[in-house]
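Undergrad: Residues per chain, in single letters:
There are 2 protein chains.
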Amino acid sequence: MARVIRVDLTDLRVSEEALPEDLRGLGGRALTSELIAREVPPACDPLGPRNKLVIAPGILSGTAAANSGRLSVGAKSPLTGGIKESNVGGNVSARLARLGVSALIVEGTAPVGAMHVLWVSRDGAELRPGEEYRGLGNYDVVERLRKASSGTLSCLSIGPAGEMFMSSASIAATSTNGYPSRHAGRGGMGAVMGAKGLKAIVFGDVQGATVALVDKDAFRNAAKIWSDLVDDHVITEALREFGTPNTAGAIDAVGAYPTRNFSSGKFEGVEKIYGQTVHDVIKERGGKISHAGCSGCIIRCSNEWVDERGDYVTSAFEYETIWANGANCGIDDLDALARIDRMLDDCGLDSMETGCAIAVAMEAGVREFGDASGAIELLEEVRNGTPLGRIIGNGTAMVGRAFGVRRVPVVKNQAMAGYDPRGILGQGVGYATSPMGADHTACFAPAQSVFGVSEYVDPLKPDGQVEYARALQVDAAMLDALGLCQFVAFPLADNRVEGMSAIADMVNAKLGTSLTSDDLAELGRNVLRTEIVFNRAAGLTQASNRLPEFFLTEKLPPHKVVFSIPEEELDAVLDFGPAKST
Amino acid sequence: MARVIRVDLTDLRVSEEALPEDLRGLGGRALTSELIAREVPPACDPLGPRNKLVIAPGILSGTAAANSGRLSVGAKSPLTGGIKESNVGGNVSARLARLGVSALIVEGTAPVGAMHVLWVSRDGAELRPGEEYRGLGNYDVVERLRKASSGTLSCLSIGPAGEMFMSSASIAATSTNGYPSRHAGRGGMGAVMGAKGLKAIVFGDVQGATVALVDKDAFRNAAKIWSDLVDDHVITEALREFGTPNTAGAIDAVGAYPTRNFSSGKFEGVEKIYGQTVHDVIKERGGKISHAGCSGCIIRCSNEWVDERGDYVTSAFEYETIWANGANCGIDDLDALARIDRMLDDCGLDSMETGCAIAVAMEAGVREFGDASGAIELLEEVRNGTPLGRIIGNGTAMVGRAFGVRRVPVVKNQAMAGYDPRGILGQGVGYATSPMGADHTACFAPAQSVFGVSEYVDPLKPDGQVEYARALQVDAAMLDALGLCQFVAFPLADNRVEGMSAIADMVNAKLGTSLTSDDLAELGRNVLRTEIVFNRAAGLTQASNRLPEFFLTEKLPPHKVVFSIPEEELDAVLDFGPAKST
Chain Y
26 MARVIRVDLT DLRVSEEALP EDLRGLGGRA LTSELIAREV PPACDPLGPR NKLVIAPGIL
86 SGTAAANSGR LSVGAKSPLT GGIKESNVGG NVSARLARLG VSALIVEGTA PVGAMHVLWV
146 SRDGAELRPG EEYRGLGNYD VVERLRKASS GTLSCLSIGP AGEMFMSSAS IAATSTNGYP
206 SRHAGRGGMG AVMGAKGLKA IVFGDVQGAT VALVDKDAFR NAAKIWSDLV DDHVITEALR
266 EFGTPNTAGA IDAVGAYPTR NFSSGKFEGV EKIYGQTVHD VIKERGGKIS HAGCSGCIIR
326 CSNEWVDERG DYVTSAFEYE TIWANGANCG IDDLDALARI DRMLDDCGLD SMETGCAIAV
386 AMEAGVREFG DASGAIELLE EVRNGTPLGR IIGNGTAMVG RAFGVRRVPV VKNQAMAGYD
446 PRGILGQGVG YATSPMGADH TACFAPAQSV FGVSEYVDPL KPDGQVEYAR ALQVDAAMLD
506 ALGLCQFVAF PLADNRVEGM SAIADMVNAK LGTSLTSDDL AELGRNVLRT EIVFNRAAGL
566 TQASNRLPEF FLTEKLPPHK VVFSIPEEEL DAVLDFGPAK ST
Chain P
26 MARVIRVDLT DLRVSEEALP EDLRGLGGRA LTSELIAREV PPACDPLGPR NKLVIAPGIL
86 SGTAAANSGR LSVGAKSPLT GGIKESNVGG NVSARLARLG VSALIVEGTA PVGAMHVLWV
146 SRDGAELRPG EEYRGLGNYD VVERLRKASS GTLSCLSIGP AGEMFMSSAS IAATSTNGYP
206 SRHAGRGGMG AVMGAKGLKA IVFGDVQGAT VALVDKDAFR NAAKIWSDLV DDHVITEALR
266 EFGTPNTAGA IDAVGAYPTR NFSSGKFEGV EKIYGQTVHD VIKERGGKIS HAGCSGCIIR
326 CSNEWVDERG DYVTSAFEYE TIWANGANCG IDDLDALARI DRMLDDCGLD SMETGCAIAV
386 AMEAGVREFG DASGAIELLE EVRNGTPLGR IIGNGTAMVG RAFGVRRVPV VKNQAMAGYD
446 PRGILGQGVG YATSPMGADH TACFAPAQSV FGVSEYVDPL KPDGQVEYAR ALQVDAAMLD
506 ALGLCQFVAF PLADNRVEGM SAIADMVNAK LGTSLTSDDL AELGRNVLRT EIVFNRAAGL
566 TQASNRLPEF FLTEKLPPHK VVFSIPEEEL DAVLDFGPAK ST
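Chains Y and P, in that order, are what the protein sequence lines are. Take 26 as the starting number for the first sequence in the working numbering and just add one per residue. Take 26 as the starting number for the second sequence in the working numbering and just add one per residue.
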């Protein structure tokens, strides 16, 4: 238990050690960020041997806790230059937890041109030559690894983008359906893995192994309360029926749906790409409108898109992907977007970063807004590593710099998600201040501003947004540490006391601790404290906690609003004071 | 006197004002950096309307002081993200001073697609439409402006690189020979000018006007001492005979001549491109081995390269350009390098940044080291604004990121000059700590480490390098404020007391002040203090005061040395404590 597997690609050494005593019980983002803070020199080259890729299942991953299947992948980011936790679903987190592995640390760099695959089993871990996988897309890699292994495949892999060290390169995780359609997308984690010369990590069969629980009965009771609470919520129901694409209609309705590179908050083609349409087309063609893409998921927001013949195209065809490559590029063709999603997954690219990069390229005139074939051509350029593809694949900020575009929607070099910060002010506060760079999962402001969860926060009124964005970030960090899906945040917000109590009970039953709800919140704050300290040492100051200028000066249609939160308020968002001594 | 011309491209407004009382007497880098610190929000978009381009002649510019013809061009840099003073010779600084202009401040941004030319005369300044110059190279712009004006042309202009907002874009200044061959090359000042929609600034005839002197006789006396001191020095004589290319032999001899993207300190082709060869070929073909490229220059280090038919190709064909595009790219063909220099000047590109960018592209395999035609092709790509050209034209760091290269010789994103920091440790300290990013003119360590000036500082011994690099940076900032050429630093180092006294006497005779040599050094320190404060607010911390990792781990042939100055020593280099109250 509490195995730490350490892999050094410089000398091809694999070793195991116990997790340091003071880190026992930690998991997910709390563990990746803490290990990075301890072991990675903040000023190091993100693509060099001193950076480390740290992979950790959440605290509750592998247990029966509903929606606990999230994995944290951390490193110093080649995109933001700061610490990164990129969170991914699929079947890896539970598998890793059941293998008894608390953390996998990948360090060093292989000699240029070398390529390896790491195989992790209950008995140990082993590096094997991976030259045969070089240049393959994630779909082909997974297919070959499936043949080379036994049982259900569970693996992480990178595509050509990661091999080319692109700053938008993702790490794919196998979904429960066996496809590499879940991605640790944000911050170029795939480039870090590529720079280490690691093409894939395969997690062997656990043969019925379970995560140890100190008090199984107490866990079962708490898990039941938790499961009921998550299950019985209006947003859970909506996600199950219409998936994340359902978000589009609501965000467009409030005028915060970024369209054509954040030049409008409403998209005239929204109904062609929103949840109802995605649902209807999939249903008509015989695809899956709902499935559990992550181990232990009871929400089942995921889907499988099929073509007109009913053949599988892509899965986890999500709101953010459809938005970034759709409305944000002026594209309203779901079949083209599904093909784009498949290409992104196969090449191993962050679908948001890349969609925003294409939109900025369209603003520069490289292609026209609305040109779906043009967007697909650009992705082919990325895959082929042409100069234009290198620009696109290195992210939105690089496209802006290359083509001299001023309207570039990034914070800390990372592209925003599908919520215009002028139309949902709390989201802007989150984008600006998250140690992750612009990130919607680190601070999901539509919850109370659009979706009607808990108390209403007016998305256009500055009052209270700072406190709101602070609370959201603390909760997000806590959930990322626990390995819980961010979609439990909706039922949790509506059942705060009961939900936090159930979570604390599960953690305590697993670990034999006596943590309170407050302790869990403090866990979230500590994650953020650790990340901010790292970022400061890496050279990211309050100057990086700002939105691009055009959000402050250019009025967003239809509400004609700008981002109006003063800088000094942004500076105070994550100023919690020192940690509680415990 | 002390005119400040303020030009706002947003509303096409030109106004004049007096220099604030407390800034009277300041000039050059002291004035550009102070005005930027006061007026430019440090976190602003360098290509946005809130950035300002500030142009100021040195304190002694326009007077009879030997080698006082240097101009400071400042802004927040789109390359480094920090404050920038880019220094340039030619005939502009003296002209501007004689027009009674202390500073020219360009702010705002023209509507996308608009292009203007600013005409400055004794009577006023005027913005005129500049559409007819769009897309032209600097040579054509200057030729057309010459026809549109009277008297000897004195102007600043940008080429296509500046119009495309490239981070390596320079601002060309007319040399005394009328060609746009002197460049404020570093830090993308041409992109800032391009983003403002300003193609050129023409400085009208001064018709015999002189700079006001409080005590003409005292000035004449001091200027004579100064002139004799500069004139009678062994390095002045060498520069006059062989120009800056003479540097190559000495730097190669000590094993610090960066070759093939900083992979060796010696270049097998050095004799084909060093000073003696440049001198011999020019002489044989009937070009100019020596001329005064800057107003008031008595050193005359500049040259004019001609082709085999004796036709002009380029001028100011300098060591750094020949090195960056030559040895650093494995190219030893002077005619190809002269053509490259002409292309760089015409397109308006920093020759060092671009040469280093090409070398990194060669390391990535985009072209082969040694392929002169390939380098020329890459410059054509830049000129044409192709995706590959956009990558190259945005500088060395962008090339490294685009192509996933780890060996990228930049600090604060700016490329190093022709002195490997491992082979001349003091130069490495300067590269790391200068607020300008890697910059040889901000801290020219070969002086005492290679050229035998003043006391010897062993280039390979860490001891004393920090103090040496500190003193050099203070002197460089002082000279940049005075408008003096950095090449006076050699005679000054060998005649410290007499030289500083002559400078102080000239300044006092001009301004009616009673400054001491110590006050002048404090002026230099104050410039650095101001710049560091700006950079911190812009988000540049000590984490940016580091060399790339490979200089710390990869041994440089032939001496097999790494850069060995500890980080805590780097952190102390520019820590002067608070300013002296005066």
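Hints are supplied without guarantee of correctness; some may be wrong.
Stated by the list, open to error - Rough simulated footprint, nothing fancy, chain Y against chain P, three-plus residues with beta-carbon under 8 Å:
{"hint": "1", "region": "190-200"}
{"hint": "2", "region": "427-436"}
{"hint": "3", "region": "571-583"}
These are calculated hints, taken from the structure and not from any lab test. Cβ coordinates follow ideal geometry from the N, Cα and C atoms, glycine included.
Undergrad: Compare the structure with each hint and give your call.
TA: So, going through the hints one by one against the coordinates:
1. 190-200: It holds, with 3 qualifying residues against the three required.
2. 427-436: Per the Cβ count (4), the hint holds.
3. 571-583: holds (count 3)
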